[in-house]
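Visitor: Sequence:
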Amino acid sequence: MSRIDFFKDLNREQYQVATSSKGPHLVLAGAGSGKTRTLVYRVAWLLSQKVPPEKILLLTFTNKAANEMISRVRSLLGVSEQNKLSLWSGTFHSIANRLLRIYGEQLGVNKNFTIIDADDSKSLLKKISKEFFNESHRPSEAIVSETISFAVNSDISIKESLERKFSEWLPLLEYFEKIAAEYKKRKQDSNLLDFDDLLFYWWCLTRHPKLGKLLAVKWEYILVDEYQDTNTLQAKIIFNLSQQHQNILVVGDDAQSIYSFRAADIRNILDFPKVFPTCQMHKLETNYRSTPEIVKLANQVIAGNQHQFIKNLKAVLENYIRPELVALPNNIEEARFIVNRIEGLLVDGLLPFNIAVLFRAGHNSQTLEMELNKRGIAYEMRGGIKFFARAHVKDVVSFLRILNNYQDEVSWQRVLRLYEGIGLIMATKIYQAIVRLKDFEDLQNLKLPISNRKAALSWQRCQRILEKLLAHQKRDVGQLIDLMIEDYDGYLKEKYSDYHQRSDDLEQLAVFASNFNNLEEFLSEVSLQESFTMKGQAKEKPETVILSTVHQAKGLEWPAVFVMNLTTQSFPHPLCTSEEEREEERRLFYVAITRAQKHLFLTYPLAIFKYNEYKELQPSEFITGLDSNLLSYNDLARSATYAAEDGIQYVADSDGFLPEVDNW
DNA sequence: AGATTTACTATTTTT
DNA sequence: TAGTAAATCT
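In this note's numbering, the protein residues as written are 1088 to 1751.
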């Protein structure tokens, strides 16, 4: 291992955290304070003190964040790819997945379980909820799903969860409870675990008389990143895990807690000193990321919140320019303005991936995407549909899941309904006949009395494909997928206009799958993988501008950041009415602002064109309340006029909006 | 009559 | 993409 000069590489506070003693530690890390860097050095420090890597558990918010941190530790220590560090690192969910494959059976969880994502879980819930409710007054499965999930993650009853989230549905409490129970049963029958189950069973492991001790002894050092966004269950898990050694270090920023809708509880970080009375508190308050102008603005934004640890974030960079607040006449002009400025920044020497445009909701970017396409600027949409969540990928994977576990109700539903003439009802009938089979190999002999001619034909075709896959199931997973594509290709071509792109995806999937030794191994990895990072598949695209939701931008930074669509209609989200929700929205705005290093643009349109209608908009309360001395205000709303004949034509020349040179 | 498909509309944030 | 209502098929 190469020697690292911890003194030289870190500031005083960071050094203290990285080299801190045993015992519990709470690190309150402001935005841009080098939190990740500090954690990376902490891990390197532990390893340099001869702590065996497998005795360290590093919990992060995304798997990508974990991978990046580990590779930084490796390069610090001079460890090559071949001598991988056998650290336990990743999200709570991916660690739970690994543990349950090893120890799950002792809790009654079959090792070969399949993980279902949020969409799958909703479709199962929808089916159950249809069986229980009569048509007229039924809560959407989004509501049912959120209620159940919130209850599990907060370790509260369905009743309490309903009270907290959707009190208007309380009269139907009984139904919610029945659905929750049935949902649980159906998952067990099909050997499926959803995201909540992963956490729940991990928690059960830590409470198990024998295994709990084993796990607590296993990890000597536990590090948790983004602690402000953990939920009750996660806090309980790490509490139990840390009982043996007490070496727990959590890092977070209460001002950046933005996941309460997913049951994240800000009290976890606020109450940490109470739960671990001997804990040492550290503050990282020096901001290395942003210019003083941006930091000042961020400080003012967050000061609008009542509930917080008061921090005083100090900037160290040189003064630069003030963030720009820009009013535009409508969403189309807003998009044009942003693209104009992007072009200006590119001329000034920034690279496309140095620039990000952030917005509240995924669909806020449509107009901007059109404009970027028109002007030939490549962009990458973050937080779009993940690779393994794309319809065609899920279709193919569902066939393989059936092969691996023919009791899997969710996959059968998906597969069967790809076929003409088979809908919800017929699929259910077929599934019920199949689970009655003792052995999936008996599939060939299964004769179903299907009256509908189309459906009967479809089932025959489906049966044939599955028999073919069954005959080759011992083959390489990549080959299985190739086999699958032969039959699926026709459907793909017919259904989707972007056939080629989807077909490429499937080829990539086959290549990715060849890396695995067998089907189970492949399927166990797929569900928690957002995209594949293995085997040099790194999809770095330095030539693209980044578009992202604010949530997805968590933990990232760019030299130039645009925050768009800052109107009462979208930011704060109009459904967020309680004071608590408003504070979270403000924290979200704070996160958006603090992503910027040098250039920050806040834009809002005063009108939107939608469904051929023109609707007026008001600027967001977050910007109307700001100190005008901290911003340079640019009102372009009145300088353009438009005529609405045959679509929308603009009189104003958007080139006129380009800033004067001395403005830069 | 019941099952399935198609056409149309509106969309918070996600491991 | 997902939910719903109306159209179409058996």
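Derived by calculation from the structure, the hints in this document are not laboratory data.
Ideal Cβ positions, reconstructed from N, Cα and C, are used throughout, including at glycine.
Mixed in with the good hints there might be a few duds.
Claimed, not checked - For lysine-lysine, the following DSS-like pairs were computed, each having C-alpha atoms within a straight-line distance of at most 25 Å:
1. Lys1142 <-> Lys1252
2. Lys1305 <-> Lys1271
3. Lys1209 <-> Lys1541
4. Lys1209 <-> Lys1685
5. Lys1214 <-> Lys1516
Claimed, not checked - For each label pair, taking beta carbons as the anchor points, the in silico distance ranges come out as:
6. Glu1456 <-> Arg1725: 35 to 41 Å
7. Ile1189 <-> Asp1576: 44 to 50 Å
8. Tyr1375 <-> Asn1605: 45 to 51 Å
9. Gln1453 <-> Asp1526: 32 to 38 Å
Visitor: So, for every hint listed, does it hold in this structure?
Guide: Here's how the hints hold up against the structure:
1. Lys1142 <-> Lys1252: violated, 39 Å
2. Lys1305 <-> Lys1271: It is violated: about 31 Å lies between the C-alpha atoms, which goes past 25 Å.
3. Lys1209 <-> Lys1541: violated, 28 Å
4. Lys1209 <-> Lys1685: The given pair, whose Cα atoms are some 42 Å apart, is violated under the 25 Å limit.
5. Lys1214 <-> Lys1516: Cα-Cα ~13 Å, so holds.
6. Glu1456 <-> Arg1725: 35 to 41 Å: The hint (35 to 41 Å, Cβ to Cβ) is violated, given that Glu1456 and Arg1725 are roughly 27 Å apart.
7. Ile1189 <-> Asp1576: 44 to 50 Å: violated, 38 Å
8. Tyr1375 <-> Asn1605: 45 to 51 Å: The hint (45 to 51 Å, Cβ to Cβ) holds, given that Tyr1375 and Asn1605 are roughly 46 Å apart.
9. Gln1453 <-> Asp1526: 32 to 38 Å: Since Gln1453 and Asp1526 have Cβ atoms about 50 Å apart, the given range 32 to 38 Å is violated.
The earlier numbered hints that this structure contradicts are 1, 2, 3, 4, 6, 7 and 9.
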